[in-house]
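Put together the whole structure using the sequences plus the hints.
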Amino acid sequence: MAISAVQTYLSPEEYITLERKAIPDADTVRSEYVNGKIVAMAGASFSHNLITNNLSGELRALLKGTGCAVFANDMRISIQLTNSYFYPDVGVVCDEPRFEDDVFDTLLNPIVIVEVLSPSTEAYDRGEKLWHYQQLESLKEYILVSQDRVYVERYLRKQDEWGYTSFRELDDVLPIASIQCELPLHEIYERVKFPESKDN
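Numbering (our numbering), first residue to last: 1 to 200.
Any given hint could turn out to be false.
[Said to hold, decoys possible] Listed next, with one range per pair, are the computed distances between beta-carbon atoms:
{"id": "1", "residue 1": "95", "residue 2": "42", "range": "17 to 23 Å"}
{"id": "2", "residue 1": "20", "residue 2": "169", "range": "41 to 47 Å"}
{"id": "3", "residue 1": "193", "residue 2": "35", "range": "36 to 42 Å"}
{"id": "4", "residue 1": "14", "residue 2": "61", "range": "18 to 24 Å"}
{"id": "5", "residue 1": "67", "residue 2": "119", "range": "34 to 40 Å"}
{"id": "6", "residue 1": "180", "residue 2": "159", "range": "15 to 21 Å"}
{"id": "7", "residue 1": "69", "residue 2": "37", "range": "39 to 45 Å"}
{"id": "8", "residue 1": "122", "residue 2": "196", "range": "15 to 21 Å"}
Everything labelled a hint here was simulated from the structure, so no lab data went into it. Backbone N, C-alpha and C define an ideal beta-carbon position, used for all residues, glycine too.
Have a look at this one:
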C-alpha cells in the first residue's frame, strides 16, 4: 500500500481513538502510527490484493486445525517497545492471541507477518518497518513479497539474530518454519500479471 507521512503528533491514545472512529467511515484513510507520527495508507493495486488474498487463503487452508489463525489487512499490530502501530497485509497468530485492550482490535503477539511490497512502500517495508517488527518478541518470521516480479524474501529469527533468504522462481517453495508450512511461489502469484520488462 502507498504511504504518505502526515506531520501531526498524536499520543497513542489519541491515535487509537481516531482509528476506531474511522472504521465505519469508508471515506476515512486508515493510518499507521510511528512514535507520535501518523502515516496515512493509500489504496492497493489489483496485483497487491490478489497476492494478499492468495497468501491468506493458502495459509488458512494449511493451518486449519493447528491452533493458528490467519489475519489480513485490517488487524492492527501494536509494537509497544517502539510506541508504534502497523497494519500488515497478512499475519499469523498461534495459541492464544493477546490484545492491547478489551476491544480486541490491536494484536500484540503475531508469529508471522507478511508485507506485499508496492513501489511507494518498498524502502519503508525493508527498512524502518522491518526494524520495528523485529522488536516484537513473538515474531519469528517476516516475509516480503514483491508484486511486480517473482521475488519473495524471508527474515527468520534464530535466537538473537535474523537470517535472510530470498526466492526468485515460480517453482521455488517458501518454507515458513515457525508454523511448519510450505508455500509454493506459484500459489502466491496465481493470476498475477507482471509488467513487461523495459529491456523488451
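Taking the hints in turn, this is what the structure says about them:
Against the hinted window of 17 to 23 Å, the Cβ-Cβ separation of residue 95 and residue 42 comes to about 34 Å, which falls outside the hint. At about 43 Å, the beta-carbon gap between residue 20 and residue 169 stays in the expected band of 41 to 47 Å. Hint check: residue 193 to residue 35, Cβ distance near 38 Å, so the stated range 36 to 42 Å holds. In this structure, residue 14 and residue 61 break the distance hint of 18 to 24 Å, their C-beta atoms being roughly 40 Å apart.
In this structure the supplied range 34 to 40 Å holds for residue 67 paired with residue 119, their Cβ-Cβ distance being about 37 Å. The hint said 15 to 21 Å for the Cβ distance between residue 180 and residue 159, and at roughly 19 Å that hint holds. At roughly 30 Å, the beta-carbon separation of residue 69 and residue 37 lies outside the given 39 to 45 Å, and the hint is violated. Remark: the range hint 15 to 21 Å for residue 122 to residue 196 is upheld by a beta-carbon distance near 20 Å.
When held up to the earlier numbered hints, the structure conflicts with 1, 4 and 7 and fits the remainder.
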